[in-house]
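Asks: As you go down the protein sequences, you meet chains A and B in turn.
Under numbering that gives the first Met the number 0, the residues of the first sequence are numbered 0 to 301, in order.
Under numbering that gives the first Met the number 0, the residues of the second sequence are numbered 0 to 605, in order.
Accuracy of the hints is not assured; some may be wrong.
Lysine to aspartate or glutamate pairs mimicking DMTMM-like chemistry, simulated, CA-CA at most 20 Å apart [as the list claims (entries may be wrong)]:
#, chain 1, residue 1, chain 2, residue 2
1, B, 529, A, 135
2, B, 529, A, 127
3, B, 457, A, 131
4, B, 548, B, 537
5, B, 260, B, 250
6, B, 529, A, 139
7, A, 199, B, 298
8, B, 334, B, 378
9, B, 457, A, 259
10, A, 199, B, 185
11, A, 199, B, 246
12, A, 199, B, 114
13, B, 268, B, 114
14, B, 457, A, 135
15, A, 125, B, 298
16, B, 457, A, 130
Please keep in mind that the hints were generated in silico from the structure rather than gathered at the bench.
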Amino acid sequence: MLKNFFDGLFGKKTPPEKTQDVTQTAPLTEEQIQTIVNNQNPHFDLQQLLASCGQSVGKQRELNEDSLLALTATMAGNSGNLPFGLYIVADGMGGHQFGEVASNAAIRAVAGHILKKFHPYLFQVKTDTMDESFQEIMLEAVRDAQRIIQREAPGSGTTLTAALVIGQQVTVAHVGDSRAYFVFPDGRIEPITRDHSLVKRLEELGHITPEEAVNYPHRNVLYRALGQGELLDPDIFTIAFPQPGYLMICSDGLWGVVAEQDIVRSVVEAPSLQRACQNLVSAANAAGGPDNISVVLAQLIG
Amino acid sequence: MAGVTLASRYSIQEVIGVGGMGSVYRARDMHFPNVTKLVAVKEMINSAPDPLVRQTIVQNFEREANLLATLNHASIPRINDYFSLDSRSYLVLDFIKGKDMEAIISDTNGFLPEEQVLGWAVELCDVLEYLHRHKPDPIIFRDMKPSNVMINSNGDVVLVDFGIAKTFQTGIKGTMIGTEGYSPPEQYRGEATPSADIYALGATIHHALTRRDPRLEPPFSFAERPLRRINTSVSSELETVVNRALEYNPESRFSSAADMKQALLGVAKKTGALGRLKTQTTPIAQAGGIKPLWAFKCEDEVRGTPTIHQGVLYIGSYDNNLYALNAADGKFQWKYPADGGIVSRPALYDGNIYFGSEDKRLHVVSARSGKVVWTYYTEGPIRSSPRIAEGHAFIGSDDGYLHAVNLNSGRVSWRFEAADAVRSTPFVMNDLVYIGCETGDYYAVDYRGELKWRFHAKRAITSSTVGSASTLYFTSVDGTLYALDPKNGWPLWRFRLGKASISTPCIIDDLVFVGAADGFIYAVDTRNSKEVWRYRTEHQVNGSPVIYKDSLYCGSVDGNLYCLEYRTGRLRWKFGTQGAITGSPLVYDDIVYVGSTDHQVYALLA
Ligand SMILES: Nc1ncnc2c1ncn2[C@@H]1O[C@H](COP(=O)(O)OP(=O)(O)O)[C@@H](O)[C@H]1O
Ligand SMILES: [Mg+2]
Chain A
0 MLKNFFDGLF GKKTPPEKTQ DVTQTAPLTE EQIQTIVNNQ NPHFDLQQLL ASCGQSVGKQ
60 RELNEDSLLA LTATMAGNSG NLPFGLYIVA DGMGGHQFGE VASNAAIRAV AGHILKKFHP
120 YLFQVKTDTM DESFQEIMLE AVRDAQRIIQ REAPGSGTTL TAALVIGQQV TVAHVGDSRA
180 YFVFPDGRIE PITRDHSLVK RLEELGHITP EEAVNYPHRN VLYRALGQGE LLDPDIFTIA
240 FPQPGYLMIC SDGLWGVVAE QDIVRSVVEA PSLQRACQNL VSAANAAGGP DNISVVLAQL
300 IG
Chain B
0 MAGVTLASRY SIQEVIGVGG MGSVYRARDM HFPNVTKLVA VKEMINSAPD PLVRQTIVQN
60 FEREANLLAT LNHASIPRIN DYFSLDSRSY LVLDFIKGKD MEAIISDTNG FLPEEQVLGW
120 AVELCDVLEY LHRHKPDPII FRDMKPSNVM INSNGDVVLV DFGIAKTFQT GIKGTMIGTE
180 GYSPPEQYRG EATPSADIYA LGATIHHALT RRDPRLEPPF SFAERPLRRI NTSVSSELET
240 VVNRALEYNP ESRFSSAADM KQALLGVAKK TGALGRLKTQ TTPIAQAGGI KPLWAFKCED
300 EVRGTPTIHQ GVLYIGSYDN NLYALNAADG KFQWKYPADG GIVSRPALYD GNIYFGSEDK
360 RLHVVSARSG KVVWTYYTEG PIRSSPRIAE GHAFIGSDDG YLHAVNLNSG RVSWRFEAAD
420 AVRSTPFVMN DLVYIGCETG DYYAVDYRGE LKWRFHAKRA ITSSTVGSAS TLYFTSVDGT
480 LYALDPKNGW PLWRFRLGKA SISTPCIIDD LVFVGAADGF IYAVDTRNSK EVWRYRTEHQ
540 VNGSPVIYKD SLYCGSVDGN LYCLEYRTGR LRWKFGTQGA ITGSPLVYDD IVYVGSTDHQ
600 VYALLA
C-alpha cells in the first residue's frame, strides 16, 4: 500500500534510478557501507557517521517555516579521530513570516555557537579535551538562540531539536514538539524526546486518552518554545548512539502524519539513508502533507 | 542610563528590574524639586522589524497604561504618566520600596516561614477579589507569579505588571498567554477566568514555600510534589488549601478569591492556636533507637572501608592493623600489623587480601591466617585502594605513580607517572585503567602502561571513579561532579556541588549519588545532569554512598550513618557514632558495616 504511494510519487518528482547517482554524499559506496554494517566488528576502530535529510513544504502550506541542518565531519580528538555530527530540526510558529525567521535564527544561533566551540578540534589539531561539557555547550547555544529570536522576531517562536554527536555520545537539546527517535533494524522505534505540548502533557496526566489526543482541538499549543517565556528550560541529555540503529529527527509534519510503524519500515527497508529520507517525505505528502515536513537520519557504523 | 533624564522630568538612578521587553528603573521625578519623589519607570523597547508586530506591542503597552489608570487599590501601584520616545515606551509608576517575591525567595536561605507566606496570600486574595469584581468587566490578572508581587517596606504586597497581553498572537502553532509553570491548563487553551488567577496564586504560594520554580518543572505537576513532602514544616491545613487552588478542573477550585481568603484565614486560626505546640512530624523511624548488632573497638580511628569475604569482615585502622572480624558477631579473628595507618579498602583475590598502608607498602596477606604473602614498596604513603585485574594489582601512591604489580611475582610490571600523588583508586573498564591525581590531572592508561588520553580538572581528583559502559563519574576538589566519555575523555556534563568533594560517586538506574564538603548528599540524573534531590547532613560528606535494595547508606563527618530512600532522598533512619565517618559503609546480606573515628567498627541491620 505504502509502496504504491512511493512509486506514484517518485514518478512525479525524482525518478529513483537517478537518485541513486546524485545522492553520493557519503565517502563510502553503498556496497562498502553495507559490508561494514554486515560485519559489525567491535574491534573495527574507525567509526563512520553517515547522515542524510529530506524536506518538503507539504501540500497545504504556502510557506516553509521549518529549518533544518545536517552536518557530518571528523574531529581530531585526543585519542584518534572521532565522528562529529550536528543535526537540527526547528519548526517555526507565529504570525506573518515570523515562524520562518525564528526557526532559521534558531539554527543559525545554535549551529554557530557549537561550531565556534569545536572549531579548534575540527579545523586545527588540538589534543586537549575541552573544559566545557557537551551539555553546557548545548545549553549556551540554546540560550543564545533564545536571545536572538526575542530580539529579531519578538512574539514568534520555534521548536528546536538538536543532536550533537561526538564519537558514540549523542547530546540532545530539545524544546517544543519536533522529535528525536532511535530506530532499530529489528523494527522498534523509540522516541527519545518528550513533546512540550499541552496535548502531550494532558495525556501524560491521564486527563485525555491517546485516542482523544489525536483529535484534541488545541493540539498545537506548546508550553515550551524557543523565543518564548522568560525562563527557558530546554531538555538536555546525553545518551549512547544506537548500534545498530538510526537517529532520526523530524518535525510534526512527519510524525504527526505517518504512523510509527510506517516510519520504521521506510527507514529499515530503504537501500540508503538518502532514499529513506525521500521515502519518509513522500509518505507524509501522500498522507495529505498538511504541514511542512523535515527529517534528518543518521547512522553510526563500525 | 543612570543620569539620563527622560521627558525632561524623570532622572534615572538605576535599574531595579528586568522584564521581557526592557528594564525597570528607579527615577527621581524632577517636578518636585524640594522633595525626593521616587518613581519606577518601566521601559519597553519595541525592536520588532515588522510594522504589524510593532503596532500590537504599542497597543498592549497603552492597554496596560489605561487599565492601571482606572484602578485604585492599596496593592496596585498608581500610574503617574506614560509616553513614547522613538522605539521606546515608558510607564511611570509609584516606586515601591521593597523587593519582589522572587528575589525574596532566592535571597532566603531555607524556607520562608508559613505565617509570612500566609499573610501575603491573604492580601493577594484581597487584590484579586478587587480585580475580579471590577465593573463593567472583571479584570483577570493572568500573570500571578512571585516576580510580579512586590513586598513593600511595610511587608504588604503590591501587584506589579499589568502588561500581560505583551506580544502574543495566535499563530499556526498556538502560543501561551501568561507565564508557563504558574498558569492553569485552561489558560493554555486561551481561556482566562478568575479561577485561573486562583490557580496561579496557588502556584505562587507553592513556589514560595517549596523554593521549587514551577517554570523548571513540567506544567501541572504540583500534585507530584506536595508542599509537605518538600517542606515538612508546612501545616497540613495550608497544604489542603493550596491543593484546592491547584485543582486541575476550575470547578474544583475555590469559587472566588474571597472564598480562598476565608480558607486561608481558617488555616491561620488553626495553626496560630497550635502555635508553639507544633511538633516536627518527620518520618524518621525510631531515630536514635537503632542498636548496633555488634561493635568492635580498634586502638585508633577507623577511616577506611571494610571488605567482606566468606563471613569475615576485613578493615584497616589508623592503629596500623588490618583486622579480620567475624561478620556475624564481630568476634576478633586475627590482626596483621603494618607500619603505617590503613585508610583504604582492602581488595580480595584468590584467598589473599591486598591493601596499601601509609608505610608506603602494598601488603598481601592470606585471608585465612593473616600471614604475609608478599609486600611491595612504593616511594610514598599509600592512600589509594588496590584494584585487581588482568593478573595485576593496580594501585596509586603518594610517590606520584600508578603501579601495576604482577600478582604472581609481586614485582612491578610498569609504573605510570602522574603529575602528583595518586590517592584515588584505579578504576578498570574495557582494557583501560582510569585514575585521578592531586593536581587535577586524570588519566586513561592501557594495560601496557601507555597513556590513552588525559583530562584536567581545576583541583585535585581524590575521589575514585565509577563508570558504566558509556560514562565515567568522579568528583574533584574543584567542587564538580564530572561525567566523561570513557573512550576519549570528552566531558559529557559537569554538575556543580556546593563545595569541594573527595567522595566517590555511586550509580544505579539513571541516578548518580555523591557527597561533598558542603554536607550534602546529592542525587543527580545521569542523562540530563539535573539534581533529583539533595540531603543535608550536619558536616562534610567525604565517604562514598552505597546503594542496597531501595536505600542509600552514607556516613558524614557529623558522626551519623544515614539511611535514605534512594529515589526520594527521604530519611529512613540515622545512627550516631561518637566520631566522624569518613569511609564508606559496606552492606552485605542485610547488614551495614561502617567504621568511625571513634575507633569502632559497627554492624547494623540494614
Ligand atoms: N513600581 C515598581 N516599583 C519598584 N519595582 C518595580 C516596580 N514595578 C516593577 N518593579 C520591579 O521590576 C520587575 C519587572 O517589572 P514588571 O512590571 O514585572 O515587568 P515585566 O512586564 O517585564 O515582567 C519586577 O519584578 C520588580 O522587581
Ligand atoms: Mg513581570
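Asks: Any hints from earlier that this structure breaks? Give me their numbers in increasing order, please.
Replies: 2, 4, 7, 8, 9, 12, 15
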